[in-house]
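First to last, the sequence lines map onto chains A and B. Counting from 1, position 277 in the first sequence corresponds to residue 277 in the working numbering; the numbering is continuous, with no gaps. Counting from 1, position 20 in the second sequence corresponds to residue 20 in the working numbering; the numbering is continuous, with no gaps.
It should be emphasised that the hints constitute simulated quantities derived from the structure, not laboratory data. Treat the hints with care, since some could be wrong.
Coverage of chain B stretches by chain A, computed from C-beta distances (three or more under 8 Å per stretch; other residues unrestricted) [unchecked claim]: (1) 40-49; (2) 56-64; (3) 77-87; (4) 102-113; (5) 151-163; (6) 263-276.
Bear in mind that the values here come from a model prediction, so they are computed numbers and not experimental data. Using N, Cα and C, we set each Cβ at its ideal position, and we do this for glycine too.
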Amino acid sequence: MHQSTFARTMRTIAGWLVVGLFFFPIYFWTSVAFRDAKDIFNWPPILFDFKPTVRNFEQVFGISLGFGRPEAVTPGGGNFYMAPRLLDSIIVAAFSTMLAIVVATLAAYALSRMNFRGRHQFVNWVLSTRMMPPVAVAIPMFFIFKQFNLLDTYTGVIIVHGIMNLPLAVLLLKSFFDDIPAEIDESALLDGASRWTIFRRIVLPMARGGIAATAVLCFIFSWTEFLFVLTLTQTSLKTVPVVSSTFVTSIGTAWGNMAALGAAAIVPAFIVILLVQRHLVRGLTMGSLKQ
Amino acid sequence: MSVAQVKRIAISDSPWPWLLPLVALLVVFTIYPLVYNVWLSFHEFAPRTRALKFVGVANWVQLWNDARFWGALSVTFVYFFVALVIEIALGMAIALLLDAELPGFGALRAILSMTLVIPPAIAGMMFLLLQDPQFGVVTYVLNSLGILDKSTPILATSSTALAGVLLAEIWQWTPFMVLIFLAGLRSLPTEPFEAAMIDGASSFQMFRRLTLPMMSRVIAVAVLIRGIDLFRVFDYVFTMTSGGPGTTTYTLSYYAWQQTFSFLKWGYGATLSLTSLVIIMVLANLFLRVAKVRW
């Protein structure tokens, strides 16, 4: 459609304004991570004019970044030393993603290639498990985990996060497998290859990009999940979202430290999401909108 | 069983070996908890004996007579409708705006997707600071515009607390709608629009007569996916207001969680969470049927 130069200019300005409005909280939060307390607690709020410091990061991660400051930061010192918690987040997200991907690729292959009675109902059932409110799962899960000594363990949280991501992973992978022509499978079957061989040698390599995108989404959902970790852990592991909510204390909130942790949690996730941006929408809508 | 036999079963054309791990996990971790939840809803934790005691339908009777439950239900519905309507309308408007090949618009779409990787609990904390009564940017802007007096703390005032929580919600998830709608707009055929242009249709007419009907399936999927998440909102409430002030931001999920883990009303918490599950299931399935969304 042809638009005048004026209309295009107005549209460009409007686009930047709207997106700028949505970007503002991210900018502000990241800038708080680099501020001294006096630049956080100021009225009117300071937007750009502050002296940057890396102290918040040093305290949260227990490292000294130098920059000519005399006083050293002791690792593990301070109330908000969070490096182990970041590691917890990584472990839980990585292993739960693996669990979800392994189980889901197998199922998605069968759902994409094999016809059987009740297939449609089966897919609907898988989907319906995503409709469960986390609180309706978390409460009984707490008691079940208590019985099996899974409370406060990596295994427990990994299993729950893996299962939480299964419906998404199955539906998404199915839609990626559906894009690979079934004729390839059939001719290989006629040549005497087994289903397993076809799956491993043909379908998996061809769907690599889709599997990577699915894995990234599972990783991010586990990374951002809050309620299950809050409920099923006590002391031995905590992920970033849960631990960040503990920065609010009776003597005030450690905004600078929290912002540093938040920035550290957002930036890697964002870099990864840029890599799979092409598949992002498909993933978030569980493949229901083919792009 | 010999290795060869195991192998033959594993590669047979029945789908069930392939589906078995999935079915096993889903049964153990969704159906069992569900059954357990039902069982739990007929029991209550007795603090003195530190054991569960059978109480019959007492929890369900209590639910019916519990003003806080009905309050939480209505807060949840208000939250659900307000957020859904705003996110869809705003999301569609922004998607239409950004659906153009202008310099930098690819970057704008990428920037918008940033909000999706932020843990909602952390987004809640972000907006807690932005709406801080003494130092917050949102407070400052509203104060400068004369909309809100600085002495009124947004998240601690009963008339504004829910709006404060909704602000975080809408900020984080409108971009999600934008991305879905953009994907939908991109997949529309161009011929009908060209024909309408020749016939001299206005852009509003084209939007109403062409875009909207052709986007109906995309909108339905967006409503379903977002609706499910909206109905079970927890993270923002937990980090921003803890249900307060009073009970003005109590949602069903938060109330169930609080009953279970703060008040140790295990059975009643299970009853509440089960109720929320049933409501979502019924609404989602009705919607699936009406909107004919298929996967």
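Do the hints match the structure? See the list:
1. 40-49: violated (count 1)
2. 56-64: violated (count 0)
3. 77-87: As far as the stretch 77-87 of chain B goes, the hint is violated, because 0 residues have Cβ atoms under 8 Å from chain A.
4. 102-113: Since three or more residues must qualify, the claim that chain A covers the stretch 102-113 of chain B holds, with 9 doing so at under 8 Å.
5. 151-163: violated (count 0)
6. 263-276: This one holds; 6 residues, not fewer than the three required, reach chain A with a Cβ under 8 Å.
In this structure, the earlier hints numbered 1, 2, 3 and 5 are contradicted, and the remaining ones agree with it.
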